[in-house]
Amino acid sequence: AQKITQTQPGMFVQEKEAVTLDCTYDTSDPSYGLFWYKQPSSGEMIFLIYQGSYDQQNATEGRYSLNFQKARKSANLVISASQLGDSAMYFCAMREFYTGANSKLTFGKGITLSVRP
Amino acid sequence: GAGVSQSPSNKVTEKGKDVELRCDPISGHTALYWYRQSLGQGLEFLIYFQGNSAPDKSGLPSDRFSAERTGGSVSTLTIQRTQQEDSAVYLCASSQPGLGTSEQYFGPGTRLTVT
Numbered sequence: 086a087q088k089i090t091q092t093q094p095g096m097f098v099q100e101k102e103a104v105t106l107d108c109t110y111d112t113s114d115p116s117y118g119l120f121w122y123k124q125p126s127s128g129e130m131i132f133l134i135y136q137g138s139y140d141q142q143n144a145t146e147g148r149y150s151l152n153f154q155k156a157r158k159s160a161n162l163v164i165s166a167s168q169l170g171d172s173a174m175y176f177c178a179m180r181e182f183y184t185g186a187n188s189k190l191t192f193g194k195g196i197t198l199s200v201r202p
Numbered sequence: 003g004a005g006v007s008q009s010p011s012n013k014v015t016e017k018g019k020d021v022e023l024r025c026d027p028i029s030g031h032t033a034l035y036w037y038r039q040s041l042g043q044g045l046e047f048l049i050y051f052q053g054n055s056a057p058d059k060s061g062l063p064s065d066r067f068s069a070e071r072t073g074g075s076v077s078t079l080t081i082q083r084t085q086q087e088d089s090a091v092y093l094c095a096s097s098q099p100g101l102g103t104s105e106q107y108f109g110p111g112t113r114l115t116v117t
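Protein chains in written order, with my numbering: chain B, 86 to 202; chain S, 3 to 117.
Excised from the complex, chain S in its bound form (with noise of 0.2 Å):
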């Protein structure tokens, strides 16, 4: 079947601008996450959601940040006021629920490029 998947794939935008990142996930998980990956570096969390819970916000390093998730379904991830340091890959992933040894399965990611 279809894995995550994410669009756009890249995407460059100058500083001060607002972008949208869009996520699908594998059709019946009902968690999915975000997570950012810098330069060389390992994933940061960025926010969670759990079928109609309400999502775990703690990961978001400013309120530029915000995320939604419609329908249970896909989720668009906003970062407003862009700013260099924004630059990374935004990483989706969605995962079965209430199992704890599942695996979360990644889409292929955004590379962010803000000038």
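Isolated chain B (complex conformation) (with noise of 0.2 Å):
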């Protein structure tokens, strides 16, 4: 089973307007880290944000905030106030701290957003 669930495909959004990216989850490990990255066509990847899964809020990082549901093993993120430089891929990224002891990252396949003018 995938560990990382990323299956919307390419998404487009007004300028200015919200958007959400979806992100589901699988690990039996009781505690990891979920994280998303940004990796616009120059091919760079730019951290955005991190959610641990004991922390009680909600993740936020300027117009980015993440909806974490625990219990339904998602973390998705909001994208607030689009702007033509968000045009780019997502990946959602998690680390198991007890089963995954070598920290790497588990990536899903990423999603395209576009913003229209």
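It is worth saying that the hints were derived from the structure and are not from the lab. It is possible that some hints are incorrect.
Stated by the list, open to error - Listed below are several chain B residues computed to face chain S (Cβ distance under 10 Å; list not exhaustive): (1) 127; (2) 129; (3) 135; (4) 155; (5) 174; (6) 176; (7) 177; (8) 188; (9) 190; (10) 194.
On a predicted model such as this, the values are computed, not experimentally measured, just so you know. C-beta atoms are modelled at their ideal positions from N, C-alpha and C, and glycine is treated no differently.
Reassemble the complex: the two chains are provided individually, in unrelated frames, and hints are given to aid placement.
Given below as structure tokens:
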């Protein structure tokens, strides 16, 4: 079974509107972290936001927030007030702190977001 | 400060040749990772170095792949007898040790094309 699932096809959003990018995960590890990375066409991986499995509140970083629903094993990224520069691939990733002792990240296949002017 | 650097940025090689890819992590980062990203796909973990500990090689796809890290800093990923399916972008990342929440900082990658 895939550990990180990102099944949305290419997403489109109008500039200045909000968009939600879906991510579900699968783990039996009691302690884990969830990450979102942005990859523009230039190829670099840019860290956006982190959510720990024991965090009581949803993470927020500027225009990015994470809608963490632990029971449903989902960690959706919400981008508010979309900008043209948000057009990129977005990857959800997980680190398992006990079973994944090497702290590697397991990535989903990514979602392409296109922001329309 | 300087980020993670990788060289070369692009490499075209003939099938059967050996290639070496280099990664310079952020100074002070003792954890170093190699990932592979095939066209339109997510990142696939290859190998992990943490300080002087034995590396975790569990992600290496075959024995043609190897990596070393000299002096706890620079790392070299070597692919022997390259095959066309090795064509991908190879990304290196580094992070602070011991902090589970610490993000991994990625380099710009090396795009490998095997003809």
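Here is how each hint holds up against the structure:
1. The interface hint given for residue 127 of chain B is met, as the beta carbon of that residue sits about 8 Å from the closest beta carbon of chain S, less than 10 Å.
2. Below 10 Å, beta-carbon pairs count as interface contacts, and residue 129 of chain B has one with chain S at about 5 Å; its hint therefore holds.
3. Using the Cβ-Cβ criterion of 10 Å, the hint placing residue 135 of chain B at the interface with chain S is satisfied: the shortest such distance is roughly 6 Å.
4. Below 10 Å, beta-carbon pairs count as interface contacts, and residue 155 of chain B has none with chain S, the closest being about 16 Å; its hint is therefore violated.
5. Checking residue 174 of chain B against chain S by beta carbon gives a least distance of about 9 Å; that is within 10 Å, so the hint holds.
6. Restraint check, residue 176 of chain B versus chain S: the minimum CB separation of about 6 Å is within 10 Å; hint holds.
7. A cut of 10 Å between beta carbons decides the hint on residue 177 of chain B: the least distance to chain S is about 9 Å, and the hint holds.
8. Checking residue 188 of chain B against chain S: minimum C-beta separation of about 7 Å stays under 10 Å; hint holds.
9. At a threshold of 10 Å, the smallest CB-CB gap from residue 190 of chain B to chain S is about 6 Å, leaving the interface hint in force.
10. The criterion of a C-beta within 10 Å of any C-beta in chain S is met by residue 194 of chain B, whose closest approach is roughly 5 Å, and the hint holds.
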